[in-house]
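Sequential numbering of the sequence shown, starting at 1, is according to our numbering.
Hints in this document: simulated from the structure, not taken from any laboratory.
One or more hints might be untrue.
Capping the alpha-carbon separation at 30 Å, the derived lysine-lysine pairs in DSS-like fashion look like this [stated by the list, open to error]:
| id | residue 1 | residue 2 |
| --- | --- | --- |
| 1 | K36 | K119 |
| 2 | K36 | K80 |
| 3 | K130 | K36 |
| 4 | K80 | K119 |
| 5 | K119 | K130 |
| 6 | K104 | K119 |
| 7 | K113 | K80 |
| 8 | K36 | K107 |
| 9 | K36 | K104 |
| 10 | K36 | K113 |
| 11 | K130 | K80 |
| 12 | K119 | K107 |
None of these values were measured; they are calculated from a predicted model.
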Amino acid sequence: MRSLRYLPIVCLLLLCGCGGGRGLVPVSGTVRYNGKPLPNVYVSFSPDDPGIRAATGTADGTGRYQLTTFQANDGVRPGKYRVAVRYESEPEGPRLAADDINYKRGKLITPLKYTDPEKSGLTAEVVAGKDNVFDFDLTD
């Protein structure tokens with residue numbers, strides 16, 4: 001019975017470690033290429049701080065994305081990020097899972113430099129308590 005008095009404290013600690021306790025903030029935006037929104041474009045945020053986990057997202061049909069770190073659209077830890085963007089045409093044939101041995105990528109539409117966060121020239125600083133909307137306008 002003596003150990004039961006600590007039960008409320010243990011429950012509180014467990015609840016704080018789940019979901020919102022990770023310090024994530026929502027991040028979204030729109031990706032355009034030569035002025036046109038890119039549907040289904042892949043966006044990744046690579047942290048400058050090696051202790052922070054990367055975040056990724058895929059845009060909807062209007063080019064608008066939301067980032068995921070652990071669970072769908074849960075956001076990003078505050079910090080500075082280098083950004084990569086990849087937009088491909090639909091591969092020929094039936095849709096396959098990305099881990100399928102027969103999966104083939106589509107043709108890269110955006111310039112190759114945007115696929116590398118070190119060379120893309122795209123950056124973002126995510127700040128807690130602010131509106132973290134990052135729009136990217138890609139050009140040739």
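Exercise for the section: For the pair we were handed, K104 and K119, check the Cα-Cα distance against 30 Å. Expected result: holds, 25 Å
Problem - Pair hint K80 and K119, alpha-carbon separation not exceeding 30 Å - result: The given pair, whose Cα atoms are some 16 Å apart, holds under the 30 Å limit.
Exercise for the section: Verify the proposed pairing of K119 with K107, using a straight-line Cα cut of 30 Å. Expected result: Given pair K119, K107 holds - Cα atoms ~20 Å apart, limit 30 Å.
Handout entry: Pairwise hint evaluation, K130 against K119, where the allowed Cα distance is 30 Å at most
Key = With a Cα-Cα distance of about 27 Å, the restraint between K119 and K130 holds, given a limit of 30 Å.
Practice task
Assess, step by step, whether the Cα of K113 is no farther than 30 Å from the Cα of K80, and give holds or violated.
Solution key: holds, 20 Å
Problem - Restraint status (C-alpha distance of K36 to K119 at most 30 Å) - result: It holds: about 22 Å lies between the C-alpha atoms, which stays within 30 Å.
Problem - Pairwise hint evaluation, K36 against K130, where the allowed Cα distance is 30 Å at most - result: This hinted pair holds, its Cα atoms lying about 27 Å apart.
Handout entry: Restraint status (C-alpha distance of K36 to K113 at most 30 Å)
Key = Roughly 19 Å between the alpha carbons, so the hint for K36 and K113 holds.
Exercise for the section: Verify the proposed pairing of K130 with K80, using a straight-line Cα cut of 30 Å. Expected result: holds, 14 Å
Problem - Pair hint outcome, K36 versus K80 [Cα-Cα no greater than 30 Å] - result: holds, 27 Å
Exercise for the section: Starting from K36, check that the Cα of K104 is at most 30 Å away, please. Expected result: Satisfied, since the Cα-Cα distance of roughly 26 Å is no more than 30 Å.
Problem - Pair hint K36 and K107, alpha-carbon separation not exceeding 30 Å - result: holds, 18 Å
Hint compliance for this structure: no hint is broken.
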